[in-house]
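Dock chains B and C against chain A, hints included.
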Amino acid sequence: MTNHWVDFKNADVILVMGSNPAENHPISMKWITKARENGAKLIVVDPRFTRTAAKADIYAPLRSGTDIAFLGGMINHIVEKNLYFKDYVVNYTNAAFLVNPEFKGPGELNGVFSGYDEKTRKYDKKTWSYQMDDKGIVKKDFTLRDPNCVFQLLKKHYKRYSIDLVSSITGTPKEKLVEVYDTFASTGRPDRAGTELYAMGWTQHTVGTQNIRTMSIIQLLLGNMGIAGGGINAMRGESNVQGSTDHGLLFHIIPGYNPVPSATVVDTAAYIEKFTPKTKDPRSVNWFGNRNKYLISYLKAIYGSSATKENDFGYAWLPKLDEGMNGSWLVLFDKMFKGGFEGFFAWGQNPACSSGNAGKVRTALSKLKWMVNVNLFDNETGSFWKGPGMKPEDVQTEVFQLPAAVSVEKEGSITNSSRLAQWRYKSVEPAGEAMPDSEIINELRNRVIMLYKKEGGKFPAPITNLTWNYGEKDADGKVVKFNIHEVAKEINGYYLEDIYDKTQTPPKLIGKKGELCASFVTLQADGTTSCGNWIYSQSYTQKDGKIINMMARRGKDDPTGLGLYSGWAWAWPVNRRIIYNRASVDMKGNPWDPKRAVIKWNATKENPATKKPGVWEGDVPDGPAPPMADEKAGKYPFIMRADGMGALFGPGLADGPFPEHYEALECPLQENPMQPGHRVNPTIKLFYATEGPGEKAKEDGGLPEDIFASCDIRFPYVATTYRVSEHWQTGVMTRHLPWQLEMSPQQFVEISEQLAVELSISNGEKVIVSSARGKVNAVAMVTKRFQPFKVMDSTIHQVGLPWHFGWQYPEDGSSGDSANLLTPTVGDANTLIPETKAFLVNIKKA
Amino acid sequence: MSNNMIKKVSGLEILVHWTMAISFFILVISGFGFMFHMEGVGSAFGGFEQMKTIHNWVGVVFAAALFLTIFHYLPVALKFTSDDAAWLSKAGGYLSKKAQLPPQDEINAGQKLLYIAVLVLGTAISVTGVIIWLRPDMANLNSAVLLSFLIHNISFVLFLIVIPVHIYMATLANPGTLRIMISGTVPVEWARKRHAKWVQKMGY
Amino acid sequence: MGRMSLLVSPELCIGCRGCQTACKEWNQLEGEKTENRGTTENPPDLSPNTFNKIRYVELPSEKNPMRLLFVSQRCMHCGDAGCMKICPAPGALFRTDEGAVAYDKDKCIGCRLCVTSCPFNVPRYDAQNKISKCHLCADRISQGLTPSCAKTCPTGALRYGDRDELLGLAKKAGYSKVYGEKDLEGLGAVYAFTDSPKIYGMSDSPAIPEAVVFWNNVLKPLSYLGLAGVAAAAVLHYVAFGPKKIEEVKKDE
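Chains as they are written, first to last, in this note's numbering: chain A, 1 to 846; chain B, 1001 to 1204; chain C, 2001 to 2253.
Calculated from the structure, these hints are not laboratory results.
It is possible that some hints are incorrect.
To be verified - 25 Å max Cα-Cα, derived BS3-like pairs, lysine-lysine:
1. C:Lys-2171 / A:Lys-41
2. A:Lys-30 / C:Lys-2171
3. A:Lys-176 / C:Lys-2063
One chain only, chain A, in its complex shape (with noise of 0.2 Å):
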């Protein structure tokens, strides 16, 4: 998120699209609640009437898969209306560079932008450039009206979307369309916020970011990055998925967010190259020019001592991808698949009912030899051998399963979507042979160790010399009692070394030997220092001599009253509750709002680290630098990119710099109605294709289980997944619980009355859903929640299934399968994330 929970709050108009918080995220209701009850308005655009819906001021329902669309069409609205919030968009975003005149959009070459190579499915990115002047600074048209301008080409780009066009494709009613947009639209002025908050509906799409990123072009047309009650809220699907992905769970991510190498990237001094983002701009911060600070702390903290400077701090043993390859979770499974993998250690998941296209997955563990299953309960995964359809005496994989603590069952931290580390007590201990992960963790590490001492083995350096100070050791080094307390602390970072700050004479001391790091501000690129974790340094640090736990902290105070609470726990970066609020300034430094001020430039009182006057109140501000006014000193306000800018133009992505809207891949059309070239989004990787440039991944081996069935007869309806309030994920959490089971025990599948009829199923009847890869029963649900859509002058239905069952608990088999048995092999073009919320099937009576 870019702000916080319980900043929902401090919204004009909150737009629910992508999500659906009052079934999966129902605390932040409170906020929207009472966002509400101060005369907010909640829009929510979704497929279905959920139970948000039910609490919004405007509905719109739009068929799955075409939110580009919609938001395009939003972002035209703003354009054409002049709905924008200029001064932001003219000096806060990157509105007014001027963009190679080479660059071709897809409306000018039917369907793709300038630089895409059919062959390799990829864009050579070379005209996505912008002009520089002499100095290397990128040329700017504050008036805006250059054609090669971003904001030109913007408006030049979704001018396409019109409002008759974009119901065409969504199927949302055009007067909808427009209350929606002018709502929305509506916070485009200082005095207004307004916020998006999405989840899984925005990023389970084979154009998953390109939704997000539309919505990121609207909210800085509208001034609402940075402010309170604003900004694009992700809603984390799990308690802690926000700190794992800060911790590097990705697999092209280490932790912080900084890239995993691959292995033409030889040493750190490449990587730096290679990784950091350059500016000429003087008034740009550039953050991640710090990218070398971070990965060198990294390194100390992982190796410690072993990580010298004549031993380039060990990068070489840090794992490495080869060029262009992908570890995403469908490249993984289709591997496996394939037989490339011994084994697999499945932690605190069930892929057998939450991947995409989960019946390959359940083939693919009977490829592997081993596989060690580490849960809370016996799930799906583990017991995937004995699940439907297999043959307990042919499948070889050995299964191991590990029994872990539950969360109160372990003391430590979690992150949640607001950034926010909050440290967590034992309360009781866990149940049977349970043992918390981390000292499973540490169980491995020791054996893998006597192995690698008893038999050797190849390359051992990247294992052996991991830092391992977690707790007291016993005579082998292995660590007896583990200290989660030692984790956080490595996380944050010590000094190495006595570290002085050398721009000032005499050298002034940052921090002593031995000591927890202040914040990654004060982190160095020579080895001086560690830090498990640029982004979490501060949140276990040291204050005159004493040790802080950050994430403990419990202050309930809130001076603002905008619900900041900068004394409850932290939130990284550097206790920052709302990001890029250096955007909620004017270029004086005042607040935009002055109501709703996040931070605000006092030029006269004194500032403690300068000793000079000029500082911000409020929140943590990005950067103490003073406000843009200040010729000299003043920042761009959006530190972490290259230029300082929100980014209206984005070149960064695989499929393009503005948003287009493509078919799902599994869609009902023939063709897209934006344009006939490209009916799905062409950077996808397609594991299997029927048709079209995709043949070449049939030939390379597509196998049939990745098969999809688009614009076909067999499955004419448009299908969706979803969680309910009542289960939780897979169901494994929930479906133990009679209290949650009893609430929804069963598949079922919701499909409005007009399709009902036409296929004579009356309420409560069972069915059997299917699509080109498998089939699941249900009970069907029979419902107004759904309407049918008018797209492009025909009626198509949409029907929903949740994903939360399982072949395994109930016992009875009283549930049904897995929903994710119907969902196709295919993900977003730069996540790929499956594309689990927009897909075909057929359902008939059981």
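Chains B and C in isolation, oriented as in the chain A frame:
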């Protein structure tokens, strides 16, 4: 049988009468205990739950006894005679010291009325009692239960009027009556004063 | 202590049913074996193991596919409680200091008359034939805690507090109808409505069944009065007329 004694009721009738009387008192006392939350009554019955069980089953006994009375009294109670009319017109002679009644048969109109009242009220209170009792097995019969509850309690109140009258009549108002329900016999002369016709019929 | 109560605001309720689970957790009630009957609403009804539930009320709407209301169903803790009125077992149903209608299963005699007398069809009986229903977490509130359902409610749709304050709150928030303010001497669960109670599936004017009221107000006193009246009449009669003396009827007349 002694020459100057006449058999008025059978042993069975005596048994039935006292069965009803005793059960009636148990039911009334426990009924009051329930209605007015009389803790002392409750504990005398071994707690309210046990009191409920006793009330219910004693109610069954009462109902059974009531059922038997049908054979004894109903046919004659339903026979309305001119003697009855006369008896009624003079209110049984209870409201005047001078009233002269025609000779009465075995059972006079007042007794007939009492019996009919007991039968009607007893049937009502028994049937409704059973409905209230068995309610657990009758779904969605709330209004039936409510009506039963109402009838049960109205019957209760009426019983509390009828039975004391009966007791008064059988004791203080007519000394010597009580022995009928003890020995089953009364002196012929005593009977002749009250049921002359019957005594005559019986050949005395 | 002033009377405490719940304020139920369907407008704020999101139908998450955390209250259902929280209730079962605190009161350690068994989960029921249910099935999907084509609706989100489950369990189908209050039961000995379900003290509260959210009813999903679907109504027609002009601008949306439906108007969906979430209404909490539970014991209303009536000021004039039909169940307490009719209950024949002293102490089985009782009013707590906070104003809740609580019960003592040990004293319940299983007669189920409370079921008959409840204007809201709330009491249920467990396998031991003892009353089971919401008791406003009497064990919690007596310790100054909030009832489990209200404690867990994320949006304030269920609020617990001083009854007068909650009524003030509901009125200040501009709800057109505060349900249960006066009915039955004031409900212990008052509802903030924006529409007529019928819309929410509630009776406009809840009342204890007339039969029960008649019994309580008339028959109960009458049972004493009748008895006493007959006794008095007998005494009067005895004094006025004395025992019946009948002239001997001549045998040969």
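Given hint Lys-2171 of chain C paired with Lys-30 of chain A - CA-CA distance at most 25 Å: Given pair Lys-30 of chain A, Lys-2171 of chain C holds - Cα atoms ~20 Å apart, limit 25 Å.
Restraint check for Lys-2171 of chain C with Lys-41 of chain A, where alpha carbons must lie at most 25 Å apart: holds (22 Å)
Restraint status (C-alpha distance of Lys-176 of chain A to Lys-2063 of chain C at most 25 Å): Distance of about 10 Å is within 25 Å: holds.
Against the hints set out earlier in the document, no violation occurs for any number.
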